[in-house]
Amino acid sequence: MMCEELKEMYELYAMGVSGDPERNEIAAHLARGCDACTHGVKLALQTVSFLGSIAPMVDPPARLRARVLAIAASQPKSNRFWNWQQAWMAAAAALTLLSLGLWNQLIGIDRSLDEARQQILAMTESQEKDRATIQRARGALSFLNQPETRLVTSSGSTIELPPKARVFVNRRSGVLLMAGNLPKLGPGKIYEMWLIPKGGAPVPAGLFQPDETGTAMHIRPGEMDVAATAAVAISVEPESGSTAPTTTPILVMGL
Amino acid sequence: MFFPILFALADAKADREIAKRLKNREQDALGQLYDRYGRLVYSIIFRIVKNSAVAEDLVQETFLRVWNRVQGFDEEKGALGPWVLTVARNRAIDYLRSIDGRMSQSMYELSGNESPEMFGNLEKDMLNSDRARVLHEAFKKLNENQKTVIELAYFEGLSQTEMAEKMNQPLGTVKTWVRTALQALRNELGEALTA
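Chains S and Z are the protein sequences, given in the same order. 13 is the number that the working numbering gives to position 3 of the first sequence; each next residue is one higher, with no gaps. 90 is the number that the working numbering gives to position 88 of the second sequence; each next residue is one higher, with no gaps.
Treat the hints with care, since some could be wrong.
Stated by the list, open to error - Output of the computed footprint for chain Z on chain S, the stretches with three or more beta carbons under 8 Å from beta carbons of chain Z: (1) 12 to 25; (2) 49 to 61; (3) 66 to 72; (4) 76 to 83.
Quick caveat, the hints were computed from the structure, so don't treat them as lab data. All C-beta atoms in this analysis are idealised placements derived from N, C-alpha and C, irrespective of residue type, glycine included.
Using the sequences provided together with the hints, build the complete structure.
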């Protein structure tokens with residue numbers, strides 16, 4: 011598609027809500043460095059960000075500032091190798107090092123340190139996000155699994171909660187399943203998780219037993235092709251496990 | 003209640019200074035950034051997730067991400083405010099989609115839209131504060147259906163197909179509302195640019 015055909019979609023793309031084929035087309039234009047689309051999407055990103063002003067203003071709790079500042083306190087104070095004063099001293103030292111043929115080594119060490127620092131920052135960020143997600147998920151599961159928890163419908167009636175599961179997928183790390191309200195199984199039975207490829211047969215993804223509250227957390231580690239996976243399912247199987255589901259899955263989560 | 007965003011976005015010089023100091027890993031610069039944008043960020047996230055505890059977590063994630071990625075930000079030509087607001091909105095939409103089981107979509111789209119490089123090297127046609135004011139006024143002029151679809155896209159991260167399902171309207175009708183709404187916003191911004 012031509013840029014002219016795509017420009018009406020820049021704002022939707024900027025909001026991450028555009029549909030195909032425009033989404034893929036814009037992504038392709040950006041990937042090949044298309045000036046018109048890059049400029050258009052940049053402008054759209056700025057414009058869209060101002061839509062935030064529609065939100066009613068709410069005062070955050072005072073403690074939040076301290077939480078945010080704790081981020082910086084937990085990080086290295088400075089990733090700059092030099093300040094100005096140190097830079098002058100280092101420049102003089104560099105002349106000496108050059109004569110000794112050590113300069114290249116120093117550059118290499120500096121670069122390695124920077125790379126290592128960036129990796130640590132990225133890992134810290136990822137861990138922080140994972141921790142927050144898991145805390146929220148645990149809190150929700152704990153709530154859902156309390157025996158007195160009931161689902162209240164719009165008509166005001168209450169019903170028993172059915173089995174529920176939340177699936178987290180990561181192309182590098184695999185699948186994390188968090189399930190609740192799973193029925194207790196009889197002897198010789200076990201739950202089995204399945205990855206269902208698009209247009210393919212279910213692939214075994216591990217066996218697990220819930221605890222006494224019906225809660226289970228199961229991980230199928232390793233890489234996975236998220237785009238090629240249609241769904242994650244759970245079925246009841248003999249305790250030795252099955253190579254293909256032998257019962258109708260009790261839960262199927264589409265990706 | 004629109005003044006905070008105008009106030010925060012009006013001082014581009016202060017933003018440049020904060021960005022420069024963040025890149026130098028000066029910890030009090032993060033405090034200044036929070037003081038300028040924390041209330042806006044919290045308000046946007048709270049409007050999206052509607053839960054104060056979750057909003058607090060996501061505000062922290064927002065500033066952590068900015069802190070960790072600011073090295074790629076061009077403090078001379080970049081738009082710090084729009085970048086921070088975009089990171090905040092994306093965190094909240096990511097969360098919303100994760101609990102709705104729409105995670106794969108978020109991973110596909112949102113991550114590339116918040117790299118600091120995407121918020122630099124734009125001509126300074128208008129001050130950010132002017133653009134924000136014009137957009138806010140333009141939004142108020144939209145009809146109710148147009149406002150609804152823009153809000154569903156921005157605050158709920160819904161595609162046009164998802165909006166049609168939620169509003170129980172034909173997809174073509176929703177697409178028309180979206181197209182005319184965006185066109186109206188663009189027109190207002192364009193007129194302001196040439197005025």
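Here's how the hints hold up against the structure:
no.	hint	result
1	12 to 25	holds (count 6)
2	49 to 61	holds (count 11)
3	66 to 72	holds (count 6)
4	76 to 83	holds (count 6)
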